[in-house]
Structure formats: structure tokens, C-alpha cells
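Required output: the full structure, derived from the provided sequences and hints.
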Amino acid sequence: MSSKPKAQDYQASEAEKTQASVAKAEKDYFNQTYAPLLREMRDTASQEDLGGVARGVAGADTMQSLTGQGPSLAGTKSVDQAADLASAAVGQMAAASAQGLAASRQQQTGVLGTARGQAGEAMSGLAQASRIQNTKDLQAAKAKQQVREAQTAAAVNVGTTLFAQGAQNLGSGSSFFGGKTEVKDSTNKDKNIERTNTLADRFSIGTYG
Amino acid sequence: MALADYSNALMPDTRGFSTSSLQNVDDPEKAFADITRQDYESYIQDYRSFEESLIDKAKNDTSLIDRAPEDAAKQSEIAQGVQDRNISRYGGAGLSVAQRQQQQVANQRQGQLGLAAGLNTSRTAQRDINQSTLADLINIGQGVNRSSLSSMGTASQNAAAKASAYKNAKASHTSQMIGMGSSLAATAIMAFAI
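So the sequence lines, in the order shown, correspond to chains A and B.
Residues in the first sequence are numbered from 6 upward in steps of one, following this note's numbering.
Residues in the second sequence are numbered from 10 upward in steps of one, following this note's numbering.
Some clues are possibly wrong.
Here are the computed lysine-lysine pairs in the DSS-like style, where the Cα-Cα straight-line distance is at most 30 Å [what the hints assert, rightly or not]: (1) Lys149(A) with Lys83(B); (2) Lys82(A) with Lys171(B); (3) Lys83(B) with Lys147(A); (4) Lys29(A) with Lys171(B); (5) Lys68(B) with Lys83(B); (6) Lys171(B) with Lys32(A); (7) Lys39(B) with Lys32(A); (8) Lys22(A) with Lys39(B); (9) Lys66(B) with Lys82(A); (10) Lys11(A) with Lys29(A); (11) Lys32(A) with Lys22(A); (12) Lys83(B) with Lys11(A); (13) Lys39(B) with Lys82(A); (14) Lys11(A) with Lys68(B); (15) Lys29(A) with Lys68(B); (16) Lys171(B) with Lys22(A).
Covered stretches of chain A, going by a simulated chain B footprint (3 or more residues, C-beta under 8 Å) [unchecked claim]: (17) 12-22; (18) 72-84; (19) 95-105; (20) 110-118; (21) 152-162.
Since the hints were derived computationally from the structure, they do not count as laboratory data.
Every residue, glycine too, gets a C-beta built ideally from N, C-alpha and C.
Take a look at the structure:
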């Protein structure tokens, strides 16, 4: 006949006790080391103003793009430059606020997910907040400014060339626009006679001087 | 330098560690129950209100929309300031009164358009972010639901197994007692040669 069951035979084995000790130690370590970090992340995610960071970056980008070259007379005289600047800045600010808020929310759900034992989001919210896409308003304002600057440069270029050519024409005895040339005659008979230059004459003067 | 020397130099505190220094756990089941209880209490204390506030934000947040009018006014003011300073820098920039008026009109028009555009953009973005946050929260909730159902399933299976084992043990005990009683009776019959 078998003997009466003994209580110690039904207790946890040495291996199970060791496994439980190690697991308990790991759990305590987690509670002491990682749990406070997660609580800190919770507070950071709740309080950190990522929108403010993103808006700062957006404001700097806008001003750098649209006013970074310094003021220009053409821009100052323009009717809509200030309006374009404001329009681009409003668009950038809206995009930056949205980006910052999205990053904040992602960070917060990441913390909660980790606390609830779900997958956490490893991406830093701050990094995400700084990556603001240029809005179409900023691009449009910049393009418009570039066109305005190019137009001014072209006008200055044409004006300078015209003046230089006019001066050269006057110097060579022709009219400012090179339409007429004084006829040179060694006998001085036809001294004050002028003749109208043909296209061939103009080409010849322009090419060979 | 040998590896052991590196270990000694870098981890002097943990070099002589032994698992024998760990706290004894004689009753793993009780320890597990304690940890489970503690974890849940920590979650309630540290994260429940955070979670509820996040759910509320995902449903009701309008911070982007609220900020749009303020932004439009502020940026319009900044642009106006830039323009005024530039005009002053160029000594009036040769602008006629009519041109100056047109600039003012353009700025005012932009202010209104900027407000409308900012509000529209913010509304769309706000909705998008709120929806996305809610989706993330639901995802987390579903995960929690799954793991809680799984834990409940395990607990229920264990309880059912124990109940079944108890029933079996009871039935076995009863049949054993009946068997013992009947064999005692048989012995008595034989002994007294009834």
C-alpha cells in the first residue's frame, strides 16, 4: 500500500524557485529603472510643446526664404509682397502647428502603448516636429519673389546695355539709337549731311564697329 | 588587456554577482499574483488619467482651429511691419499715395484670405490628427482587450480544470468508500459464515 501524499512533494521545485527569483529580480529592476523613465516620458509627452518648436522652425524657414536676401527696392514697391509673405507665413504656421500636434499625439500614444504593454513608437517626436514640409504658399511666394528679382535684373541689364550702346553710337558719330550717321567727306562739301542707316549698316556697325 | 581585466575595470559592482544573493521566492504563484496586482495598481495610479485625457483630446481637441485666427492676425502684422520698415529704409520708395493704398488693400485682403485658408487647413489637419490618435488608441485598446481575454481564458481554464479535478476526486473518493464498504461487508459475511 502506498504511503500518504507528502506536502513537500507538491511544493515548487528548486528550478522553479530559481526561475521565479530571477523573474522577480528582473521585475524589480524594471520597476526601479524603466518604470520611472516611462513616467518621465509620460510627463514630457504631456507637457512638451512640440508645436512651438515646429512653429519656430517654420517661422525661421519662411523668413529665411522670403526676406533672407535683404530688402529690395522692387520688392518694397511691389503691391503684394507683404501680402505674399503673410500668406506664406500663415500657411507654414498652420502646417507647423499640425505637425507639432501630430508628433505630440504620437509620442503620447507611444507612451500609453508601452505602459499598456503594446508596441511603442520609437521615433522621437521632436525630430518629427522639425521636419516641416514647405507649404505651397511659401513656394509660390518664393517663386513670385524670384520672378520679380529676375524681372528687375533683366530690366537693369537691358537698360545698361542700351545706355552703353547709345554712348558708343554717339561716340562713333551716329545718333543715340544709331539710326543716322553723319557722312564724312574729305572735301568738306557735304559736311553736315546725314544719312539713314539701313539694317545692313546697323549690322556692320554693331559687328565691326 | 585581457577580457577579464576589462570586465573588472568596467563593471566592478557586478563582477562578483551570484544568483544566490537574489530574494527567495518560495511561492511563485503568490509572487505572480502580487506582481499582477501591483502592476494594475501602478497603471491605475500612473496612466489611467493620462489615458482618459488622451481619449478626450482625440475626441474633442480643437487647439489647431483655435490658433488659426491668432496666427493669421499675427503674421499679417509681421508682414506689415516688414513692409513699413522697408519703405522707410528706401525713403518712401517713390510710392504714390495710390500705390500705398493698394498695398494696404492687398494686405487687408490677404489677412482675410489667410484667415479663411488657415481655418480650412487647420480644420482638416485637426480632424486628421484626432482621427489618427483615436485609431492608435483603439489599436492599443484592442491589444489590451485581446490580452485581457487571453488572461481571462487562462484563468477560466485553470478554474474549470480545478473544478473538474475536484469532481473527479470526489467521485473517485465516493467509489473508493463504496468499494471499501462493500469489501468490509463481504469480509463480515464470510467471517460470520452467514
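Verification of the hints:
1. Lys149(A) with Lys83(B): This hinted pair holds, its Cα atoms lying about 22 Å apart.
2. Lys82(A) with Lys171(B): violated, 90 Å
3. Lys83(B) with Lys147(A): It holds: about 20 Å lies between the C-alpha atoms, which stays within 30 Å.
4. Lys29(A) with Lys171(B): holds, 26 Å
5. Lys68(B) with Lys83(B): holds, 28 Å
6. Lys171(B) with Lys32(A): holds, 29 Å
7. Lys39(B) with Lys32(A): holds, 15 Å
8. Lys22(A) with Lys39(B): Holds, at about 12 Å.
9. Lys66(B) with Lys82(A): violated, 46 Å
10. Lys11(A) with Lys29(A): holds, 28 Å
11. Lys32(A) with Lys22(A): holds, 15 Å
12. Lys83(B) with Lys11(A): At roughly 83 Å apart (the allowed maximum being 30 Å), Lys11(A) and Lys83(B) break the hint.
13. Lys39(B) with Lys82(A): violated, 82 Å
14. Lys11(A) with Lys68(B): violated, 60 Å
15. Lys29(A) with Lys68(B): violated, 39 Å
16. Lys171(B) with Lys22(A): Roughly 23 Å between the alpha carbons, so the hint for Lys171(B) and Lys22(A) holds.
17. 12-22: Satisfied; 4 residues make the cut.
18. 72-84: Coverage by chain B holds here, the residue count being 7 at a Cβ distance below 8 Å.
19. 95-105: Holds: 7 residues of the region 95-105 of chain A have a Cβ under 8 Å from chain B.
20. 110-118: Three-residue rule met by the region 110-118 of chain A, so holds; n is 7.
21. 152-162: Since 0 is below three, the answer is violated.
When each numbered hint is compared with the structure, violations occur for hints 2, 9, 12, 13, 14, 15 and 21.
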